[in-house]
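Engineer: Protein chains in written order, with the numbering used here: chain A, 4 to 139; chain B, 4 to 139; chain C, 4 to 139.
Please note: incorrect hints may appear among the correct ones.
Identical copies carry no separate label here, and so any pair may be met within one copy or between two of them.
Said to hold, decoys possible - Cut-off 20 Å, straight-line C-alpha distance, at most; resulting in silico cross-link-like pairs (SDA-like, lysine to any residue):
{"no.": "1", "residue 1": "K44", "residue 2": "T23"}
{"no.": "2", "residue 1": "K44", "residue 2": "L21"}
{"no.": "3", "residue 1": "K44", "residue 2": "R110"}
{"no.": "4", "residue 1": "K44", "residue 2": "R108"}
{"no.": "5", "residue 1": "K44", "residue 2": "D57"}
Don't read these hints as lab results, they were simulated from the structure.
Each chain, letter by letter, is given below.
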Amino acid sequence: MINQFDIILPPFKRGFHLITGHIEKNLKDLPESGLLNLFIKHTSAAITINENADPDVARDMGYAIDKLVPENDPGYIHTVEGPDDMPAHIKSSLLSVSVNIPITRGRMNLGTWQGVFLCEFRNYGGSRTICVTVYY
Amino acid sequence: MINQFDIILPPFKRGFHLITGHIEKNLKDLPESGLLNLFIKHTSAAITINENADPDVARDMGYAIDKLVPENDPGYIHTVEGPDDMPAHIKSSLLSVSVNIPITRGRMNLGTWQGVFLCEFRNYGGSRTICVTVYY
Amino acid sequence: MINQFDIILPPFKRGFHLITGHIEKNLKDLPESGLLNLFIKHTSAAITINENADPDVARDMGYAIDKLVPENDPGYIHTVEGPDDMPAHIKSSLLSVSVNIPITRGRMNLGTWQGVFLCEFRNYGGSRTICVTVYY
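If we strip away everything but chain A, and leave its shape as in the complex, we get (with noise of 0.2 Å):
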């Protein structure tokens, strides 16, 4: 059985924002046991689980990021859209635009510590549609 439907998301500033609940209000009846799928449809944003409990963890996350795929690296060819473009995309594909958690007793089964994020790699990315897909 599959149930799918998408999220679209108010647009966020650059950085890592927790979306667990902005997720979950979003899903309704979900069954006993079975997985859900977040896929982000756009190749400058990610999503990906991490720390949900010190909002430090998401700005250090950014940090980090963000050294690791520089901006204005001359070795770019692809710069007509803006310095921040290209290592958008490149974070994009290291932190994946799409992943499977498990639901249990009719929800998400994340860990204590897991949330949901939002990586939003531009500095004026606008709104984001994730398809969401339950299958059980």
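Could you slot chains B and C onto chain A? The hints should help.
Structural biologist: Just chains B and C now, with coordinates in the frame of chain A:
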């Protein structure tokens, strides 16, 4: 319901190669909605989703990942298969060998600018096999 | 059809550890074809698929990821849990906590040289829990 088969890709040279069309032409009778898993059965290649419009993005992806994981690092021990081998393993784990894509209205539900890429990290990687699993 | 259960791994030391055998011995009565999801319920560890033959690859993976995400970066803010903590979160997102593997003829359909690895990023990470979901 599961439908599973292999796609044998022809040899590609080192770099990022758009294979959306190659995948699509092997997908027959996709369900109305479901999920597609692409699993590349190799440890020196990867599959990623990224910008499909400007070929410079694929080129810059290759540039960036080569810079991030340099060859000839004197710290590597696993060097017998050549300087491109150990970096290829590292890149494979960073970009991932397995990706899930939603199926909607009988097609891969990719974003407007999203394409599926083979990431070939070896200088002479040869033919690569992708196991495709469609579930619905 | 969904079959779901937890695997509790014993504590592993920091590094990459081949756990294919550990996973396999917990998989009973796999379907003819399907898909397997491994989801590690932690934010300072990951699961990856890589070369299973030469133990030097696992060692070099650890070397490379440690170099890519160094400890004691003065830019980190989240430092109270020790110098290995924030780098562990970053590595966890880079390598991913969730991986899907096809099942074919009742077995994980890994390539000849592919194995499943626990990536333990903490110095003393303790026991780790993997939620296994088999769907077919």
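Engineer: All hints are to be evaluated individually against the structure, with a verdict given for each.
Structural biologist: Hints, one by one, checked against the model:
no.	hint	result
1	K44 <-> T23	both (18 Å within a copy, 15 Å between copies)
2	K44 <-> L21	both (18 Å within a copy, 17 Å between copies)
3	K44 <-> R110	between (24 Å within a copy, 14 Å between copies)
4	K44 <-> R108	between (28 Å within a copy, 16 Å between copies)
5	K44 <-> D57	between (28 Å within a copy, 17 Å between copies)
The earlier numbered hints are all upheld by this structure, with none contradicted.
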